[in-house]
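What follows is the residue order along each chain.
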Amino acid sequence: MDTEFLSGIFLKLLTGLPLTLNLTALSLLGGGMLALLLNLMRASRLGNTIAATYVFVFRGTPLLIQIFMIYYGLASFDAVRSSFLWPFLREPYWCGLLALALNDAAYTSEILRGGLRAVPQGAVEAGRVSGMSRIMVMRRIVLPLAMRQALPAYSNEIISMLKATALVSTITLLDVTGLARAEVSATYRAVEIFLCAAVIYLALSLLVTRGAGWLERRLSPYKFGVSA
Amino acid sequence: MSIPAIAVTGLHKSFGANAVLRGIDLKAQDGDVISLIGASGSGKSTFLRCIPMLEVPDSGIVAVGEHVIEPRGGILSRRDKVTARTIRSELGFVFQGFNLWPHRTVLENVIEAPIHVQGRPRAECVEEAEALLDKVGLSDKRDAWPVHLSGGQQQRVAIARALAQHPRALLFDEPTSALDPELVGEVLKVIRSLAEEGRTMLIVTHEMGFAREVSSRTVFLHQGLIEEDGHPDQVFGNPVSDRCRAFVSGHFQRNR
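Those protein sequences? They're chains E and S, same order as listed. When the letters of the first sequence are read in order and numbered with my numbering, they come out as residues 652 to 879. When the letters of the second sequence are read in order and numbered with my numbering, they come out as residues 230 to 485.
One or more of the hints may lead you astray.
[What the hints assert, rightly or not] Incomplete in silico selection of chain E near chain S, CB under 8 Å:
id	residue
1	Gly773
2	Arg779
3	Val780
4	Ser781
5	Gly782
6	Met783
7	Ser784
8	Met787
9	Arg791
10	Pro795
11	Leu796
12	Arg799
13	Leu802
14	Pro803
15	Ser871
16	Phe875
[To be verified] Here are some chain E residues pointing at chain S (derived, C-beta under 10 Å):
id	residue
17	Leu767
18	Pro771
19	Gln772
20	Ala774
21	Glu776
22	Gly778
23	Pro872
24	Tyr873
25	Lys874
Hints listed in this document are in silico derivations from the structure and should not be mistaken for laboratory results. Note that CB positions come from ideal geometry on N, CA and C, so glycine has one too.
Looking at chain S on its own, in the form it has when it is part of the complex (with noise of 0.2 Å):
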């Protein structure tokens, strides 16, 4: 099997008593659509700040292709933060509350980092920032300011900001958890088209209808340990986890 998109083995991390994983193991091959689902506390979010460095791991290993980090007692080498920005490179990450960089329009914000850190030319970069807002269809909000956009378009634009750095694999990091009901949909839909496109993918999400319709695979943590791992089909119709089978059942009652 070639080398997996992203993988992280033995990952632990604690914010001080409070130990939030204890002992994660991941692969995600090209082209895998992974959900991570949980109660919130779970360890999550925290599992997929790990993978950028966000939040440096107390132990583990963490690789992005052929670039591994392996950081001991919570800091990163040298060598390793040299890494850690190779790997941020070649992920996108979109967050729960957007992070637009509100001192540049949307075209700036998508262009940004394919020109200042990938050091691509100019000219190209905005042709391709153009397709991607196309893409998620705010073209027409190319000279917008993002104070100026609604939660979904701002979603959307920091979608385009990831892929424009022609990323090997997407984050997202409950991407929908800050919007207003009626603005979840056009920011899923997205999503569920770069799914189509065969993007690697890891998505926090507490969208359960989304996550079993769009994943290849669903990923249930408790307490810092993944529990359940399968096809979402399994893993939301048949679980073998008591615990996985209470959160998912009393989430879709809730949302029935």
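Just chain E, with the same shape it has in the complex (with noise of 0.2 Å):
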């Protein structure tokens, strides 16, 4: 085994790594916000039809086809080209974190829905009868139950999300997948490479899974049987 040419390509895929990190948490962040606007949103008939089609669009159609849509699609429309968003829209960067936010946000919002949906009424009433308000019982009491709900589930889409950004390097950008393909271009080396890729995401997906129950274990340490 080459280990040289391997702790070069190792390194050289590092530099990919802000990239992919910088997609994965912008995407969660801004697919985050969107989901919790779209489940606020089912409240009403017409926002409940609303969201429901956008999660059906958007978990119905491969996320690749998404991104070539918003870079190369969009770009076809006059409109496009000469609104205020266009130094944005032929960004392939902005593209990219769009398509992945959009993508992120339909799942993140169908996990939020099964949290908020777990949120014991009782709890609620609770709230309600101790007098507080409307926003106070959402922020103090469903959102917490929520997301302590939800976590588990959330782990898995923060993952998918992190694997989810090589997708981008199909619209010429430098993430960690894309400059493994271009090093492959250039050295026809493909198993190497490949594998230093799957490495890093394989470390960072553990990361990830490590992370998510440290939290778990520090938000609801009543489920782990930790007894004061």
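With the hints as a guide, bring both chains together as one complex.
Below, the structure is given as structure tokens:
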């Protein structure tokens, strides 16, 4: 095994790590906020229809096609090219981030919806009857409980997004996968190079799993039989 | 006579075609301990839940002290909603299913509303909460999680939580119905001690012996109306209404 080559490649791929992490974090942030909004919309009938349609469309189509539609598709509309958004939408970074965030929102909104449905009605009533406003009940009771409930499923979503960022390499971005593809084109040593990339993703996934586990034990010690 | 702690007038409430409350009038003066009895479906829990507007009545007037709400068509106006929150923080409500907040410790459950709703200083709230937990016999469970407590312990925490709001009156919605029989006593003991302190309380219950013993007044509901209202000795011993007589005697026979 050519360890010198491997370590060289490994170091090179690591320079794509900031972009991979940046896309993961920001798409989770944007997607999370949109997911919250989608869930709030579900209170009204029209909003519910819109939210359900959104989830149907973005969960039902491949992320790769969503990326292509935004990156290649939007540019074919004059209205888009002449709008103030064009400086962003012509950049592969912003197109990739937008697609990832929109896609993440669909999945996260369903995870959050499951969490919200699991909040016991009694806990909500106890909040209301203590004189809390609707917003305070949401902030101090409903969301904390929903998030605790949703955390295990959400850690899966984080890992999914982490891996999904690899798709932006198809629109010229040099994330970990993008760099790996470029190296393969230059050296034809596909096995070693992709293996290095895979190890990087694997390590990140491990960190996410461990981090989520730690957070869950910290937030919900009562689920782990920890008594005071 | 001073303004009653709770005054309800002409309360109506339907769920769809099912008229649950058909015109209830009830006044509770400060210091009254009123037990509400009746068969399942008689409307007693719905009535209790209408006072803090957990259910919004179709019509009628609910007053807690000087705060008055008059919903129309089952809808609260913006002003009514503000009043409802005032009313809620003037009442302590104890649920059949305890309804502690599972993500907060026992102490945190008790200090939550005093700090975040009433805006009182944390140190004062903690000190008072510790005294309340001591009073319900759970000072050693201060930092425990609700899921690690028995039903009776959870209900006693819920009572401490209700008391922490400095309520003008306490409302109990079948506080022992969800408990294993051997845990009922510890909760009733706490409620009895509150009655002895002269607290104003409305208690919906199936514990007839308890109701007779602690309350200053007993109200029997039947199909959404008050059918009998009087001193417990009269309601249990010599009711005017035949239905009340049948209900009460049926209960005492079953429990003999």
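Next on the checklist: Please list, smallest to largest, the hint numbers that this structure does not respect.
Outcome noted: 13, 14, 16, 17
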